[in-house]
Amino acid sequence: MVSRRNFLAGSSAITAGVAAASVSRVAMAALPEPAVAPGTATQPPLAPPNGRPYRPVLTLNGWTAPWRMKDGVKEFHLVAEPVVREMAPGFTAHLWGYNGQSPGPTIEVVEGDRVRIFLTNKLPEPTTIHWHGQRLPSGMDGVAGLTQPAVPPGQTWVYEFVARRPGTFMYHPHADEMVQMAMGMMGFWVTHPKGRHPWIQEVDRDVCFLLNSYDIEPGSATPKVMTMLDFNLWSWNSRLYPGIDPIVARQGDKVRLRVGNLTMTNHPIHIHGHEFFVTGTDGGPTPPASRWPEVTVDVAVGQMRQMEFVADEVGDWAFHCHKSHHTMNAMGHDVPTMIGVDHRGLVDKINRLVPDYMLMGERGMADMSEMAGMPLPANTAPMMTGTGPFGSIDMGGMFTVLKVRPDQAPGDSRDPGWWRHPPGTVARPWTGAAPEPGAAPGSAPAAAPGAAQAPQPAAQPGVEVRVRKPQGGHGGH
Amino acid sequence: MSRDTAPKRSPRPGRLRLLALLAPLLLAACAAPSGPAGFAPVAEQVQARTGLRPVWPRTPADEAAAEARSAELLAQPLGLDQALALSLLKHRGLQARFEELGLAQAELLQATRLPNPSLSIGRFRQGEETEIELRLGFDLLRLALAPWLRPLAEAEFAARQQTLAAELLAHLAGVRQAWIEAVAAQERLHYRRQIREAAEAGAELARRMAEVGNFNALRRAREQAFYAEATLRLAQAEQAAQARREALIRAIGLWGSDTAFRLPERLPPLPAQPAERPDIEQQAMASRLDLQAARQAVSQAAARLGLTRPTRWVNVLEVGFERELPDEGPNRRGTELRFELPLFDSGQARLAQAEARHRIALQQAAQLAIEARSEVREAYGAYRHAHDIAVLHQAELLPLAQRIVDEQLLRYNGMLVGVFELLADARAQVAAVEAAMEARRAYWQAEAALAQALIGRPAVLPVLTESPSAVPAAAAGGH
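Chain order of the listed sequences is Z and S.
Residue 0 is where the first sequence starts when you use numbering that gives the first Met the number 0, and the numbers rise one by one after that.
Residue 0 is where the second sequence starts when you use numbering that gives the first Met the number 0, and the numbers rise one by one after that.
Calculated directly from the structure, the hints in this document are not laboratory data.
Treat the hints with care, since some could be wrong.
Not the full set, but computed from the structure, chain S residues with beta-carbon under 7 Å of chain Z [stated by the list, open to error]: (1) Leu408; (2) Asn412; (3) Leu415.
Computed beta-carbon distance windows for the label pairs [stated by the list, open to error]: (4) Gly344(Z) to Ala274(S): 43 to 53 Å; (5) Met263(Z) to Gly380(S): 56 to 66 Å; (6) Arg265(S) to Thr221(Z): 37 to 47 Å.
Predicted, not measured: the structure shown is a model, and the values here were computed from it.
All C-beta atoms in this analysis are idealised placements derived from N, C-alpha and C, irrespective of residue type, glycine included.
Make a model of the complete structure from these sequences and hints.
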């Protein structure tokens, strides 16, 4: 783990311009040193060096905060501060986060742990932290004005409570919440069960990520915090595909995915090649009798979902939000549909006004990914991108690949590369003669052998499909 | 000043020797400049201020040369210098003014020549007596005053020359203005043709969008509206270009096949730096023809005043030689001198008039100088601002508009905006381009006005007012 001092020595330039409040060194001296994010790559699970043992989670494109034990209390130190987050290669956002990154580090504790969290506010405005889903004293719930005064800039406050129930949680501010969450203030929290829990299975891989969304105009870097619904960047842990790491499993691994939704809309999270059970919600593990298999689970706003499956199908499997716009990066939501429009003779004329204009969208939007390399505004992620072994994937945003391999080392989450399909297991072009269309049984009497050919209604015009508009009652549309 | 000699007795022929004595004087008067010689100072004045020498073709050879030069000028695109030179050759009004100068020169000759002596012969009968009377009269006063009168007449002619030079310069200024307007109008016309083509593409695209069901009538109509407007603006530009061209044709004085000249495609580029003219007031004082004319009017009034002083009481002085040849008796001969007695009119009134005229001329010249200083300051200020504004358009506003289109194109590449938003910003850029063209036109007009202000009273300078925004508003996003 990189210490804050080292980090600041090397790359203070990144945050110097945005770090707002200064914090007294004396005040910081007695606190656990706040660790700083090691980068944007997925960090290996942090094996607990002390305290009760547990199997740690893997935070997609993130990391777990280290702690120190003091008199039997796990002490964490979160620093709320402006950060610079690379959301995709070539696209960097100016966000607010914790300890150098957004989302902040995942906090992992064990059921029954006494936890003390120091919050240092280096934002330009007051903040708090709300521990989403936790059972705790009301005064530790972190709602500014309701349960505590907001933490002013430059001050360090402390939260302390016992992690009473195991499960999947989040943390986020509850002061100027709209702005601070739109700016990326959030983090994951996992409370592992103390010992065996009848409803919580042991898994081989435990992967967590938060759903978040931003409205960052292409070419700019700071989210538009007033946007309510029309976000243009849909991310997992503030990363956009292809900036999101794959989820990797060894064939036969039991995999748990933990997903929390801090966007302003729901996300049907969908897996290919497998079906999963929802084994936990915000409320904790679900009773096994309540579970049913699914390939898509809707994660509503402010909810957590815990999905489990056995990764028994080898290969590369898409894993994504099923709202198709959410598997896109920045795009214009008011761009007219150009499909089917004849452009002959027009491009030259438009070129007189706009010399570099090129025709796009005449056949659909896949032009976009085919035209990779066309100049875009300075700081943005192409609308759809991502290239697979067979070409453009036409995907962005909330999308990644589940990679199941027979030979992946246990616990190894490094990208094994593209799946090498066994011969005959990939869709291929048909090279034989076009098959005769088979008639549905009973739809037409088969001509009796030897009988005269039935006369064909040769002159009959083709069937015309007419869509009839609903009549009346729609005046308000 | 001249008075007819009263019929007296004729002088003896022997006395005609006096006439012979006067003859060289009369011939000397004949040697005064004639024909285009009086035109040369005018041509020099114009050349000194514009670099162009007006020509006054007086012979078929001259005319042929002028015609050949015109044809040569018309063969190439008609730049400003060519247009000016051509108008000096072609403008019939100017040629008429040249002829008028010839007329004035003839008048000068008349004025500077000594009056002819008058010779009269009378034959009278009185009963049987016949009397032949010979009389030779001579306006002695005019002869005596010749040293004063000739400079006055010459000054008057010089004033006419100067007037003509001023007219020529004003005419050239008019040609310059007309040329700037004609080229600017033509440039705008060409640009609007391009715009209309692009607008047509947008409208056509919208039509095809609607045809395949991707656009509704509202959006299609919106795109077509721009096309209609572009067509309208093209028609306006066509009319303006035609009117400006005709104005230039009139200013140069062309007709027939000569009107088929080509103009340059655009106005010259702006000079990088405006001319620094710290001593422009002094320069105007020295070079303005109207001030020179005023100063000459003052000295002329002074000269007249100087003449009036010694002559105010010598109203008429006449000398006559007489010879009487009676039928009988000896011939009678004698000389007669006559002048008015300044008893009742001692010339005070004329002196007062001359003094008043002198003072009027002085005051008018001073007032003109004061106004000229202000006018030239205003013209220079207008020129500097026109330059600053044109540079701002060219170096800031136009590149910004281009930048907006470029950035919008990047957004189009990213499918962040559609082609119609791209076209909308391009249209906004059109406004910026037109505004920049207009600023360049205004600069060249201001430059011409400044040049004119250094020659004479300038045309009314336009006061620059705020123009409509040349910067496109932020395109509406897709929200």
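key: In rising order, the numbers of the hints this structure does not comply with   = The structure breaks none of the hints.
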